[in-house]
Amino acid sequence: MLFQSENVLIEAHQSIHMYRLMNDSFERHGMSTTKSRPRATARAATPPAAAPGPEAPMGEAARGEMRLISRAAAILRAIADHPTGLSLGQIAKETGLSRATVQRLVDALEVEGLLAKSDLVPGVRLGVEIARIAASVHRDVALLVRPILERLNAEVGETVDLTMLQGDAALVVDQVQPARALRVVSHIGTPLPLHCTASGKAHLSQMSGQEASSHLVHPLTRYTDKTITSHQELLAGIANPADDCFVDDEEFASGVCALALPVRGLVSGNYVLSVSLPKQRFDESRGTVADALRRCRDAVERMAGTGPAGHRPAK
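Residues 1 to 315 in our numbering are what the sequence shown spells out, letter by letter.
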């Protein structure tokens, strides 16, 4: 089968740097979950064979470290859901942690730049280090997804794009083109309008109606005679896509069509996979392309632990 279950978890790959930052910070703040052991100053004699007994202390230490990281992650997630910031008491309520634990963890995360506090603005907010890590994560996503884009391109023989939402546009972050003379070509870094492209509609589908409306210009620009310029008609179509795929049937450019699906679970970004092709091949191959696109989407979501065969670790 073309798209087999991927054994790489994007979320784990993306968290290594943050894990190290937090773990180092906690140790500097004296927040180790186990008692420290003195370092040996000389080579210890070979100990006798140990008799069967309870689990080694290292197992408890590892679990304690993971609990500490999980609590810190819970705090970061809680604050991420409240852009205006949270007080220590609110963080404790959101996470179920004691206020004393929240205070210690927030202080450690603030030192690392992962959280920020200000005398001028109440509440704890995400720090600038989070933004720096997030930027590198978006680059990593394109690299990790690239092999699956290439497989999809090989199967359908058409242009495959990965886009992410940036402001009021769908930004092309990666593209694989087919080796055929007649093909659809854009460029990495190209911003695409949301209301008349398959990728743009898929991005809008991940928002509430009110949020989607806020991303749409007034009035909607007409690019071809098939461009939908009614907000109501556009949002109704996004709420009920045909065959779960979002379609651009010459709405952005005459002679160009596309199918797109959103990808869930890739960090906090709003990502979309799409296939673009000339109109003369679209009607005949639409079903085949849609099936291949779904398999691609499922493969990426399995990598993120959110697909049909995926799962997320228990929190």
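Because the hints were derived from the structure by calculation, they are not lab data. Some hints here could point you the wrong way.
[Said to hold, decoys possible] In silico lysine to aspartate or glutamate, EDC-like type, Cα no more than 20 Å apart, as pairs:
(1) K226 / E211
(2) K93 / E112
(3) K117 / D81
(4) K117 / E129
(5) K93 / D107
(6) K279 / D249
(7) K226 / D291
(8) K117 / D140
Next item on the list: Find the hints from earlier in the document that the structure breaks and name them by number, from lowest to highest.
Entry: 1, 2, 7, 8
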